[in-house]
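Enquirer: This is what each chain is made of:
Protein chains: 2
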Amino acid sequence: MHDKPAVTQQPIHDIIARRWSPRAYDVNRPVSRGQLVSLLEAARWAPSCYGDEPWRFIVWDRNHDAAAFQRAFDCLGEFNQRWVKNAPVLMLVLASEHFRKGAPNRWGMFDAGAAAENVYLQAVALGLAAHPMGGFDAEEVKRAFNVPDGYTPMAMIAVGHQADAAVLDGDLHDSEIALRQRRPLGENFFEGEWGRPVVPSGL
Amino acid sequence: MHDKPAVTQQPIHDIIARRWSPRAYDVNRPVSRGQLVSLLEAARWAPSCYGDEPWRFIVWDRNHDAAAFQRAFDCLGEFNQRWVKNAPVLMLVLASEHFRKGAPNRWGMFDAGAAAENVYLQAVALGLAAHPMGGFDAEEVKRAFNVPDGYTPMAMIAVGHQADAAVLDGDLHDSEIALRQRRPLGENFFEGEWGRPVVPSGL
Numbered sequence: 001m002h003d004k005p006a007v008t009q010q011p012i013h014d015i016i017a018r019r020w021s022p023r024a025y026d027v028n029r030p031v032s033r034g035q036l037v038s039l040l041e042a043a044r045w046a047p048s049c050y051g052d053e054p055w056r057f058i059v060w061d062r063n064h065d066a067a068a069f070q071r072a073f074d075c076l077g078e079f080n081q082r083w084v085k086n087a088p089v090l091m092l093v094l095a096s097e098h099f100r101k102g103a104p105n106r107w108g109m110f111d112a113g114a115a116a117e118n119v120y121l122q123a124v125a126l127g128l129a130a131h132p133m134g135g136f137d138a139e140e141v142k143r144a145f146n147v148p149d150g151y152t153p154m155a156m157i158a159v160g161h162q163a164d165a166a167v168l169d170g171d172l173h174d175s176e177i178a179l180r181q182r183r184p185l186g187e188n189f190f191e192g193e194w195g196r197p198v199v200p201s202g203l
Numbered sequence: 001m002h003d004k005p006a007v008t009q010q011p012i013h014d015i016i017a018r019r020w021s022p023r024a025y026d027v028n029r030p031v032s033r034g035q036l037v038s039l040l041e042a043a044r045w046a047p048s049c050y051g052d053e054p055w056r057f058i059v060w061d062r063n064h065d066a067a068a069f070q071r072a073f074d075c076l077g078e079f080n081q082r083w084v085k086n087a088p089v090l091m092l093v094l095a096s097e098h099f100r101k102g103a104p105n106r107w108g109m110f111d112a113g114a115a116a117e118n119v120y121l122q123a124v125a126l127g128l129a130a131h132p133m134g135g136f137d138a139e140e141v142k143r144a145f146n147v148p149d150g151y152t153p154m155a156m157i158a159v160g161h162q163a164d165a166a167v168l169d170g171d172l173h174d175s176e177i178a179l180r181q182r183r184p185l186g187e188n189f190f191e192g193e194w195g196r197p198v199v200p201s202g203l
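In the order they appear, the protein sequences are chains A and B. For the first sequence, position 70 matches number 70 in full-length UniProt numbering, and the numbering has no gaps at all. For the second sequence, position 105 matches number 105 in full-length UniProt numbering, and the numbering has no gaps at all.
A portion of the hints provided could be inaccurate.
[Said to hold, decoys possible] Here are some chain B residues the structure puts well away from chain A; computed CB gaps all over 10 Å: (1) R19; (2) R56; (3) E117; (4) D137; (5) D169; (6) G170; (7) D171.
[Stated by the list, open to error] Straight-line C-alpha distance at most 16 Å; calculated EDC-like pairs for lysine to aspartate or glutamate: (8) B:K142 - A:E193; (9) A:K142 - B:E193; (10) A:K85 - A:E97.
Hints listed in this document are in silico derivations from the structure and should not be mistaken for laboratory results. Idealized CB from N, CA, C, for every residue including glycine.
Modelling step: build the complete structure from the supplied sequences, incorporating the hints.
Expert: Below, the structure written as structure tokens:
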């Protein structure tokens, strides 16, 4: 198993620092029912605009319903299928386009992202790993699983017990052991006004 | 100080369970520079589609630049101003509408939501609290802080040390001590296909 803790200028909480998106999973270690419900409960308690809870999740567990899992797997892009074949659980997170009272909700995707982050972090807390993917056919997933109009599929999420990078081949293996990187703090984080980099020390 | 841990059917990690959005802050306790950088580092290490890091943050600390803080405060709705007047720090989180290479990024808001969730959770880990708000004038904030086209303001976030609910009056006080609630798990979380509620136990 490969660890890649975040390199930061001030400490951050352990489950945030240790969260990353591995592709090496152990196909022989299921996610337990209790773990699955913990992941969803973490999402459930995310904050949302007006408390509208605009996220929806659909989960598939290959050890529970192999046929349904396969139908979800078939919606993934070819690159993702190469490694998701070893993940025991898939999830789809969707964002509601409207508040429950009917008006357009411009925070649906933002709030769904907060709920999804809780899933990734709760996975770390449970000794699991989670990997969100944009590479799937959103129209096909809506058709295959009867998603009504008004909900936008945002990400498929693979979940499982991490395995050694050796289970992956070629470019997948190389990316699994590559360093994690982020742009310098001051490039995306400003102080006072747009474009003025926040600096880590001093005021 | 009022605690409202999440009520769940399986345990979730402490910082996820204890995160909520209080409105009672201690105006006399600043957020330290180190704490501020920790909050931003937590956001910086969130996952994003193609690693594009589409989030941007602008921060204002009333104990560093009172005039800039006031200009950010002036962009809030009246209801929020009633309690944010005691918060020492404000942040704005924005989502890029395009990937850095130019194509539209349909995950910008989703990824910004993940980064923001890390801020709220890191606040809990530091003994602080954070409260995201949709109630602000997005056009005014863009004008006031020179935000270029192509970035959507998603939420203003108040951050500080929590205070006793007694610092709040009337309806603000009542909501501060009210129970936190979420819809039942099976209402937003499905298994196998849309609309089939996930159930907490059994397979």
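Enquirer: Tell me, which hint numbers fail for this structure?
Expert: Hints 1, 2, 3 and 10 are the ones this structure does not satisfy, whereas the remaining hints hold.
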